[in-house]
Amino acid sequence: MATVTRTLPPAPTRPTPPRRRRPTIAGARRRLGILYASPMALLVVVLFVVPLVLMVWMSFNHWPLLGASAPNGVENYSALRDPLFLRAVVFTVKYTVVTTVVLGLVAFGLALLVQESRPGVGVYRTALFLPSVVGLASTSLLFYGLFNTEASPLNELVRYLGLGVVDWLGSTDNALASTVGMITWRFAGFYMLILMTGLQGIDPILYEAARADGANRWQILWRVTLPLLRPTLALTMVLSLTGSLLAFDQFFILTGGRHETATVVISVYREAFLSQDLGRAAAVSVAILAVLIVVNGAQLRLLRRGR
Amino acid sequence: MARARTAGFHVTGSALAVLFLLPMLWTLYSSVNGRRAADGEPGWGLDNYQRLADYGSGVGTYLANTLVVAVVAVAVTVVTTTLGGYALARLRFPGHNLLFIVTLAILMVPYTTILVPLYILLGWIGLQNSLVGLGLVLAMFQLPFGLFMMRSSFEALPRELEEAALIDGCTLGGALWRVLLRGVLPAVVTVGLFSFLSAWNEFVAPLIFLTDGAKFTLPVALFNLQSGSLGSVDFEALQAGVVTSALPCVVVFLLLQRHYVRGFTSGALKG
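These protein sequence lines are chains B and L, in that order.
Using the working numbering, read the first sequence as starting at 14 and increasing by one per residue.
Using the working numbering, read the second sequence as starting at 434 and increasing by one per residue.
For the record, the hints were derived by calculation from the structure and aren't laboratory data.
Be careful, since some hints might not be right.
Claimed, not checked - Covered, in the sense of this in silico footprint (three residues per stretch, anywhere, with C-beta under 8 angstroms from a C-beta of chain L), are these stretches of chain B:
# : segment
1 : 52-60
2 : 88-97
3 : 154-160
4 : 175-182
5 : 219-228
6 : 234-241
7 : 285-294
For each residue, glycine too, the CB sits at the ideal point set by N, CA and C.
Start from the sequences and build out the full structure, keeping to the hints where you can.
Next up, the structure:
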């Protein structure tokens, strides 16, 4: 870097510096660019590009957790026909749809409530957002206690309402509903913040114009707010769909991922570390990746069209 | 009419705020109150935290492990994306577009899908069952957001700032250190904060990569506390654990809230 100092023109006396020196500065910038970008590039190549290639390679190999691996063609992909895996797919899709709808509606309601700046609104925003900084694993453990402790406020309330004892995580439907409730509590503030940013980006003049034209609140919501919010809505949907399709922590902790509530990622985990077959796990991973790239691609296109 | 609407706003707002804070307040309360918290008598006490402290390798070990992972992740994320963001914003070099695109592609690849090959790869480079290896992986997942934030912050700084520093005799590197870094400091804090929260709370990656019980991070250790003892879960110690794990995040967030919201509004999340 010391060379850079020496090649710099000492003062901005334009006509004198020889032309040859300019490429040297550009060269120094290029070298410095490579130097500064290399730690990041190294991380990306070693921990992202190589594993990605390795994942595809592993999916065509018999690859036990311990011991030698050997190519076995597309045999691993039969994991995609496994009835347990198919059940996980159905459950995951069901969970994703329910979560995205419920979470979206709740977050949108909250965003409408807290979008205007008025006294005290900051406190509400912070309170509603606070669950989002608690880790998902901690949240799941917290709710595991909330569901299973007899004296928890939740069970007290249910008893007060005369509903008796509810087995929150018992049947598949109960477990699904309880988990969706917990996820809504955890993420509503997060999506509220995104939607609020979008709402605040809408020019207030448009609302005034609509009101001047005699539109009522519903009409304003349907005809002005929602169409203009489309990019933000699409973004929250991408995040929510991807997050839910890859659900792991919540079910793994709340129900132990027992068969009826196993998600796709839980079944990958099972293949890899319980069945100790990394090749099959890799094959399932490749399939998930392909599906998600298609889903994300479609949604990003929707997002762009909304602009 | 306006006053009624304001009152309605505050009633709804407070009710929702209470609803959202209640689970956390209940955990905090039940971790220090009850028979198991206070020598078998109803009342207040820290017995739950005592049992938690003695669980497994000790909660101190798990906290230290989690801290190591978070520090590695934050340091690596901040250093690599600051240097990389500067390089991509201000220095032209061969492959800069490719690097940007490949780094952003990390967002398109859901990270749980590459954990299995990462597990093998970390074994090859001797970082399996290593807190540093785990920190590096978690840093990698933060690169797209961090790079995006840092690159746009550097681009937002006026070019004259750097030129003035160069004319005053700074080297290019010196200009970055002495002048530009001040200008992008808010973005550095935002990137660090996001990286800290995600590393501190991560569950799947440590569950897979760490095989030695003494190296577990707090979330994995708490999961073992919950699932390890079938039938007789120590719920009270678990509540104490949830508080221990959540409190640092809540405190850090409340202190740096402004920076967190900046991360949202900067456009990085607006797509």
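Outcome of the hint check:
Coverage of a stretch by a chain is defined here by at least three residues with a beta carbon nearer than 8 angstroms to that chain's beta carbons; for the segment 52-60 of chain B and chain L the count is 7, and the condition holds. Here the segment 88-97 of chain B counts 0 residues with a CB under 8 angstroms from a CB of chain L, which misses the bar of 3, and the coverage is violated. With a threshold of 8 angstroms between beta carbons, the proposed coverage of the segment 154-160 of chain B by chain L holds, since 6 of its residues qualify and at least three are required. Look at the segment 175-182 of chain B against chain L: 0 of its residues bring a Cβ nearer than 8 angstroms to a Cβ of that chain, fewer than three, so the hint is violated.
For the segment 219-228 of chain B, the stated coverage by chain L is not satisfied: 0 residues place a CB nearer than 8 angstroms to a CB of that chain, which falls below the threshold of 3. Under the rule that three or more residues need a Cβ within less than 8 angstroms of chain L, the assignment of the segment 234-241 of chain B is violated, with 0 such residues. By the rule of at least three residues with a Cβ nearer than 8 angstroms to a Cβ of chain L, the coverage given for the segment 285-294 of chain B holds, with 4 such residues.
In this structure, the hints that do not hold are numbers 2, 4, 5 and 6, in rising order.
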